[in-house]
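Each protein sequence line maps, in turn, to chains A and B.
Numbered by our numbering, the letters in the first sequence go through residues 1 to 211 in order.
Numbered by our numbering, the letters in the second sequence go through residues 1001 to 1211 in order.
Honestly, the hints are just simulated from the structure, not real lab data.
Computed from a prediction, not measured in an experiment: that's the story for all the values here.
Don't be surprised by glycine CBs; every beta carbon is placed ideally from N, CA and C.
Warning: the hint list may mix true and false statements.
Simulated crosslink set (SDA-like; lysine to any residue; CA at most 25 Å straight-line) [to be verified]:
id: 1; chain 1: B; residue 1: K1192; chain 2: A; residue 2: I169
id: 2; chain 1: A; residue 1: K199; chain 2: B; residue 2: E1203
id: 3; chain 1: A; residue 1: K162; chain 2: B; residue 2: I1201
id: 4; chain 1: A; residue 1: K36; chain 2: B; residue 2: R1065
id: 5; chain 1: B; residue 1: K1162; chain 2: A; residue 2: N196
id: 6; chain 1: B; residue 1: K1199; chain 2: A; residue 2: E203
Cβ pair distances, simulated, as ranges [what the hints assert, rightly or not]:
id: 7; chain 1: A; residue 1: S25; chain 2: B; residue 2: S1206; range: 51 to 57 Å
id: 8; chain 1: B; residue 1: P1130; chain 2: A; residue 2: R79; range: 22 to 28 Å
id: 9; chain 1: A; residue 1: S164; chain 2: B; residue 2: R1139; range: 42 to 48 Å
Computed far set for chain B versus chain A, every beta-carbon distance over 10 Å [said to hold, decoys possible]:
id: 10; residue: T1032
id: 11; residue: S1056
id: 12; residue: F1062
id: 13; residue: A1088
id: 14; residue: G1131
id: 15; residue: K1199
id: 16; residue: N1211
2 protein chains.
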Amino acid sequence: MSIQESRDLQRELVEPKKGAQTKRSIIEAALTIASKSGLEGLTIGNIAEAVKMSKSGVFAHFGSREELQVAVVREYYQRFQDLIFSPALLKPKGLPRLNQMIQSWIKMSTGDDSSSCFFIAGAVEFDDQPGIVRDELVRSVEDWRSAIRRGIQESIAAGHLKKSVNVEILLFQLYSIALGVHHDSRFLDNPKCLANANKLIKEILSSYKSN
Amino acid sequence: MSIQESRDLQRELVEPKKGAQTKRSIIEAALTIASKSGLEGLTIGNIAEAVKMSKSGVFAHFGSREELQVAVVREYYQRFQDLIFSPALLKPKGLPRLNQMIQSWIKMSTGDDSSSCFFIAGAVEFDDQPGIVRDELVRSVEDWRSAIRRGIQESIAAGHLKKSVNVEILLFQLYSIALGVHHDSRFLDNPKCLANANKLIKEILSSYKSN
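Okay, chain A solo, but in the shape it has when bound (with noise of 0.2 Å):
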């Protein structure tokens, strides 16, 4: 750490205001470097270039590399919520609230400026590495998955879908097809699947409504 770097810190200890903002400029840049490189692409190293700091003036407010995935994790749940899920929350209960929080979903992932999702590439980069970033991945994936699931439900009890609808199975479903769209847009550059994926969900949901 440079000394310029060392009376930042102090003076961030008698200022949390500072620190905060600091922390916060950390996590942006990583998160910009993560969204191309996935969260395995981070590095103490890269992130420091990237903010213009040294490599333990970033340890300073993130004691290990896992400690600042996992706050990465945290501020894209964050995101994601403000993004996807708040707005569909404006939505009537039921089908259109349903509808809402996957067609917002799926079409994060297409486009010319489309992002990699990190609940999508995150579950492929940890799933075979235990330790805390893949706990707070998983953590944030089951919440998105009871939201949707907590959709379905709604659209039954609302008399939108019939009352025999598996909802783990429409779930796996509806889930499989972000999947889907994540794969075919992103890595084979494919501009039809966004079309295919909304044909194919109204006709999943249309096969399930209650008569």
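Chain A is fixed; fit chain B onto it per the hints.
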């Protein structure tokens, strides 16, 4: 490179069989590492350690890390063909063959001794990384998708599935289910996902059956 390795390499130049053998054992070790840590987890360093060679010894067989990754993708493709695709060809054309292809593929990523599918994991690892590894992966995945597409078309031609089936949408649907099983089994440790996926595939194909 040690004197011993330099001698070995010189001998391999006059004994091509020995050289091919070393190359194979490098690829073998790389496959084991990549099935745990992904293609991105491969470094010349960790492979050299696994095969007890120096880094320059490994470099003498593969000019770069990317070339080694490409060789690993090719080897995986070969094994995938032997394990998943070729046995399906023994089944009659149409639904029996299509079913066999999908069933054996999704079974691969479940169970205690499950291994990550390079086609699925690689797609996420390399979707944002242009280059020869991504190109090789896309080629392999497109080959496999062509085989599934052919399976659907043959099912229609054999009268097992309706003529009105949208081939691309059914391909998207089946491929997405495989992504879903890989996700739920490996990341969420959900033991029920294979049974749910099988039930779903049966339902989907039934709904598309010609009367």
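Evaluation of the provided hints:
Simply put, B:K1192 and A:I169 have alpha-carbon atoms about 10 Å apart, close enough for the 25 Å limit, and the pair holds. A C-alpha spacing of about 18 Å is found between A:K199 and B:E1203, which places the hinted pair at or below 25 Å, so the restraint holds. In summary, the hint linking A:K162 to B:I1201 is supported, as the alpha carbons are separated by about 20 Å, within the 25 Å threshold. Between A:K36 and B:R1065 the alpha-carbon distance is near 20 Å, which keeps this suggested pair within the 25 Å criterion.
Pair hint B:K1162 plus A:N196 holds up; C-alpha atoms about 19 Å apart against a cutoff of 25 Å. A threshold of 25 Å between alpha carbons decides the hint, and for B:K1199 with A:E203 the separation of about 18 Å falls inside it, so the pair holds. Checked against the hint of 51 to 57 Å, the pair A:S25 and B:S1206 passes, with Cβ atoms roughly 55 Å apart. As the Cβ distance of B:P1130 to A:R79 is approximately 27 Å, the hint placing it in 22 to 28 Å holds.
For the pair A:S164 and B:R1139, the supplied restraint of 42 to 48 Å holds, since their beta-carbon distance comes to about 43 Å. Distance check on B:T1032: its Cβ is at least 12 Å (rounded) from any Cβ of chain A, clearing the 10 Å threshold; non-interface status holds. Its beta-carbon lying about 25 Å from the closest one in chain A, B:S1056 satisfies the requirement of being farther than 10 Å from that chain. The beta carbon of B:F1062 sits about 22 Å from the closest Cβ of chain A, which is more than 10 Å, so the claim that it is off the interface holds.
Against chain A, the non-interface label of B:A1088 holds: every CB pair exceeds 10 Å, the least being about 21 Å. In this structure B:G1131 is separated from chain A by more than 10 Å, as the shortest Cβ-Cβ distance comes to about 13 Å. At roughly 7 Å from the closest C-beta of chain A, the C-beta of B:K1199 falls inside 10 Å, breaking its exclusion from the interface. Even its closest Cβ contact with chain A, about 17 Å, leaves B:N1211 beyond 10 Å, as expected for a residue assigned away from the interface.
Taken one by one, the earlier hints fail for this structure only at number 15.
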